[in-house]
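The listed protein sequences derive, respectively, from chains A, B and C.
For any residue, its number in the numbering used here is found by taking its place in the first sequence, counting from 1, and adding 1.
For any residue, its number in the numbering used here is found by taking its place in the second sequence, counting from 1, and adding 37.
For any residue, its number in the numbering used here is found by taking its place in the third sequence, counting from 1, and adding 1.
By construction, these hints were calculated from the structure, which means they are not laboratory data.
Note that the structure is a prediction, hence the values are computed from the model and not measured.
A hint or two may mislead.
[Stated by the list, open to error] So, partial list: chain A residues that the calculated Cβ filter (under 8 Å) puts toward chain C:
| hint | residue |
| --- | --- |
| 1 | E191 |
| 2 | R193 |
| 3 | W194 |
| 4 | W197 |
| 5 | W231 |
| 6 | K239 |
| 7 | T242 |
| 8 | L279 |
| 9 | P300 |
| 10 | F312 |
| 11 | R314 |
From the three backbone atoms N, C-alpha and C, an ideal C-beta is built for every residue, glycine too.
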Amino acid sequence: MIKRLQEKVGKLLREKKVALVIGYEMAGDGISTTPCFIEREDEVERLVWNEHCVYNLSRYLIETRELASSPSPKIGVVAKGCDVKSIIGLIQENQIKRDEVVIIGMECEGQFDVEGERQFKVEGLKLKDKDKDKDKEGKLLEKCKACEVHIPKVYDLLIKDDRNSGAPEPQSPEVNAYAQVEELEGKSQEERWQYWKKEFARCIKCYACRQVCPLCFCPQCIADQTLPQWISPSPSLKGNTTWNIVRAFHLAGRCIDCGECERACPMKIPLRKINKKLGKEIKEMFDYEAGLDSEAKPPLADFKLEDPEEFIR
Amino acid sequence: MTEKIVSKEDLKKILEGLMKTSELLAPGKEGDLVLFKPVKNPEEVFFAYPNSLKPVKEFFFPPREELFKHEIREGKVGLSSEHQENRKRVIWGVRPCDAKSLLMFDKMFDGEYKDSYYLEKRAKSVLVGLACNEPLDSCFCLSLNAGPHAKEGLDVLITDLGDDSYLVEGITAKGEELFQGCGKESGEGERTRKKELEEAAKKKIRKTCQPPPDLESFFEDPYWEKVSRKCISCGVCTYLCPTCFCFDLSYEGRDCIRFWDSCSFSPFTKMTSGENPRREKKTRYRQRVYHKFSYFKKNFGEIACVGCGRCLRECPVKVDIVEIVNQCSKDKTKD
Amino acid sequence: MTESREPNTEQQEEWQPKIIGFLCKWCSYAGADLAGGSRIPYPANIRIIRVPCSGRVNPLFVLKCLENGADGVLVSGCHPGDCHYSEGNYYARRKFAVFKKLLEYLGVDPRRFQVSWVSAAEGEKWAEIVKTVVEEVRAAGPNKQLSAPVDKCSGAPVKRKHLKND
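Please work from the sequences and hints to get the whole structure.
Printed below as a string of structure tokens:
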């Protein structure tokens, strides 16, 4: 798979179809990967593909879009099925143009965060003795368990998984994607508040959740505004709660559930659980799912006469 | 300097005693995270961890601190400020790298300018170190004049010798005081064991940080653009860095608040006029590198990094500052 | 940014809910005006902020009110179809539907954030809504969730020292 990826990217660069390809390369630790930017054909050997390609590289598209010119060269981006959804989101919200990007779609069997290292940090050296495969199972990203897009919906080139020679796997998993959300919904109001209070109290306002998000592209974030200072810049429960609500709400109907915010959060606040809840409500109320159609109107910039209003007096 | 051997039971008793006489902070588990927190039960004190997620700087330089408050008293405007109780505070289980970082804080907050808020907390704290027997792949303290068993900045250092026995080395008087009247004299065997552990730990640290001596000459190099490209400009590395001390002030109502700030953020250098000298990501990333490896060294004679490796472990996109600093001279010659 | 008033002895005796109302200029504000003009009594616990349209109300406004000590927030606009800007309240409806679900999910008492449609002719309805909202918020008690005092980083007790008084 890596060979074919490198060949295709090499070809794109050689034919000057792309000015830059955003992909994955091995990180210094020899296990995880890190984003890389390939501009020359002789650099393609840096590109890798494995089960640790967790990053959503579409985050870099806005920063690099000035390098693109239509019709070519364009910006190439290595994207998993979930990442493609955020590319669709960016196109939908006029942040990039479809003909400015070459989507190098990857067939993806699910990603494993190098959570091992995190565990390793807690448990000391115990991890090394564990059965490696079993451990891998445990580390499969939560979002991947209910993945419906092992093969991206939109792409210019598709790199298929060598292991799957036959027909593609059935793409509708039986896992309930909203299981975690529903579990929390089942709790009492006070329990929910205590839960989130504890989680938000940890927030250190590093804004990694915002910075890593492919759809957080406001030129000036509301959190950075000082006149008035809407969101307290210092970490305190009050300001942390407001920040986390505002962050999630700005992504309502836009979040494509790549889970990057939660992964990036050093304090491990379960941000995906909030985003997912908003996605669930929007699906139920407005029958809309983000990241599927670049022509669709974002749900909060749209309305129907018969929208639900039971909550209104 | 005294050396003692204490058992796990002894340590528990000491912890119990300290809980009563002082404010005791030690690493504990919070979900998957290891964080320093007030000890409620000595059983919860956690020993088997490479390092805490957040460095101990938060107890001397809190992420959010009220400096003063405006008040109206008897029709007049006055100021009042909060002071923590002057009770002894014991921070238990500090890793040597973090202890060293506080010496850098001292240079900043106890140098030309004396920061009373910092000094107040510093004066009442006792740092109980825990030697590092299992450094991580991302640790690189050895190349920065520190080490897994370094004593610099600590009041007392505990080494886990295995078999439930601990070697306690008093470093300062206030550190020794904590272990008065417990344990037994250490023998030759234990001292050798400790040396072995130290050597073994040192061997595990393979990463080295070697900034080029002429770092200043690369300031305008396109290298910074290249290496900072994947940086997402969040504050993880700076907030979790034990030596980063940048802060900002703001008013929240009538309270003047000091809070952590990060040079990675674009508004960090934004001026009232709207001008921002570090608008570009590469200039911000370069600032971080230069502040640590050049400016701080120029001002205080030392590199502002202790090699704890938090920035490498926690970076959401795995930016490796050590690699970047080490590579910078090589890259220059190549071009 | 306003700050929550420190409780004085009077307030300690009997706590009164403090509610902020964001009222659309064209319908609800006029409706409230009509209630006043027609001398329909309703509780004085609500402080009204006039906005051009219910669609103008950013959820952040609601959060800021709760953060700064309000016990409840009421957003009121024109009935669907009556919006002076044709469709502002339709967007507001979607926005608040989602926002309300979010607050509930986070465990914020749902009584603290309410939405209503009140037309310029509905003075009676306005008075009724205020009465109900005030009673509901009263039942919910003082807002201790989002307006909780700032937590201190370390558990160390603090004392206050006067620095200057001249």
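Verification of the supplied hints:
no.	hint	verdict
1	E191	7 Å, holds
2	R193	3 Å, holds
3	W194	3 Å, holds
4	W197	5 Å, holds
5	W231	6 Å, holds
6	K239	6 Å, holds
7	T242	6 Å, holds
8	L279	6 Å, holds
9	P300	7 Å, holds
10	F312	5 Å, holds
11	R314	4 Å, holds
Checked against the numbered hints given earlier, the structure satisfies every one of them.
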